[in-house]
Amino acid sequence: GENVEQHPSTLSVQEGDSAVIKCTYSDSASNYFPWYKQELGKGPQLIIDIRSNVGEKKDQRIAVTLNKTAKHFSLHITETQPEDSAVYFCAANRQAGTALIFGKGTTLSVSS
Amino acid sequence: DTAVSQTPKYLVTQMGNDKSIKCEQNLGHDTMYWYKQDSKKFLKIMFSYNNKELIINETVPNRFSPKSPDKAHLNLHINSLELGDSAVYFCASSQGMGVRNQPQHFGDGTRLSIL
Numbered sequence: 481g482e483n484v485e486q487h488p489s490t491l492s493v494q495e496g497d498s499a500v501i502k503c504t505y506s507d508s509a510s511n512y513f514p515w516y517k518q519e520l521g522k523g524p525q526l527i528i529d530i531r532s533n534v535g536e537k538k539d540q541r542i543a544v545t546l547n548k549t550a551k552h553f554s555l556h557i558t559e560t561q562p563e564d565s566a567v568y569f570c571a572a573n574r575q576a577g578t579a580l581i582f583g584k585g586t587t588l589s590v591s592s
Numbered sequence: 007d008t009a010v011s012q013t014p015k016y017l018v019t020q021m022g023n024d025k026s027i028k029c030e031q032n033l034g035h036d037t038m039y040w041y042k043q044d045s046k047k048f049l050k051i052m053f054s055y056n057n058k059e060l061i062i063n064e065t066v067p068n069r070f071s072p073k074s075p076d077k078a079h080l081n082l083h084i085n086s087l088e089l090g091d092s093a094v095y096f097c098a099s100s101q102g103m104g105v106r107n108q109p110q111h112f113g114d115g116t117r118l119s120i121l
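Going down the list, the sequences are from chains A and G.
Those letters in the first sequence? Residues 481 to 592, by the working numbering.
Those letters in the second sequence? Residues 7 to 121, by the working numbering.
Keep in mind that the hints were calculated from the coordinates and are not lab data.
In this text the structure is predicted, and so the values were computed from the model without any measurement.
Errors might be hidden in some of the hints.
To spell it out: a stretch of chain A is covered by chain G in this simulated footprint if at least three of its residues, at any positions, have a beta carbon under 8 Å from a beta carbon of chain G; those stretches are [unchecked claim]:
| hint | region |
| --- | --- |
| 1 | 493 to 500 |
| 2 | 510 to 517 |
| 3 | 520 to 534 |
| 4 | 537 to 549 |
Built from N, CA and C at the ideal position, the CB exists for glycine as well.
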């Protein structure tokens, strides 16, 4: 089955710096890669996603890149702010309506 | 309006008891899921339903029984609770089973603590 590895497990940056979180997946049939942000006491919230027919997607300060050949994808957050502090999860999915396979999460801390 | 709502938010109970968690979504989605998040924050699928039909059952003990009375609701009943069942349980929904993957939307979780 699919296995998703996520690194780093913790990341501390200064406000205004960029943050990068990387994930690799094992199943070449996976074709959908969402990123979720989880704040304390809340459920995971989708922040951006990318499909396998696209190499990069951007939404304001957040961007995701996908390398299908290498089977890895990354989340880039620019101009980080304290409110970006949270746990971020990457996930992979091969078919609509099936389970998301999650990475183990990255705790991002942005200090002002 | 809350898109995916779970009740209760907190559940503290004794080992051996039976408890239920309820989930409702108002997004018009046809697929719903239960995920379990352990103390290390790892999220793992337990069940999924599409239009009230069980699609995924991921090696979860028989003590866990999901029920979907209609496509907007997915409840989780747990019998004979054990210490290891302590976790956060998340309900999610998506417009699934089509060709194109759609985002899954999560509720805020039910924090289950077994004493």
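Those earlier numbered hints the structure runs against, lowest number first: 1 and 4
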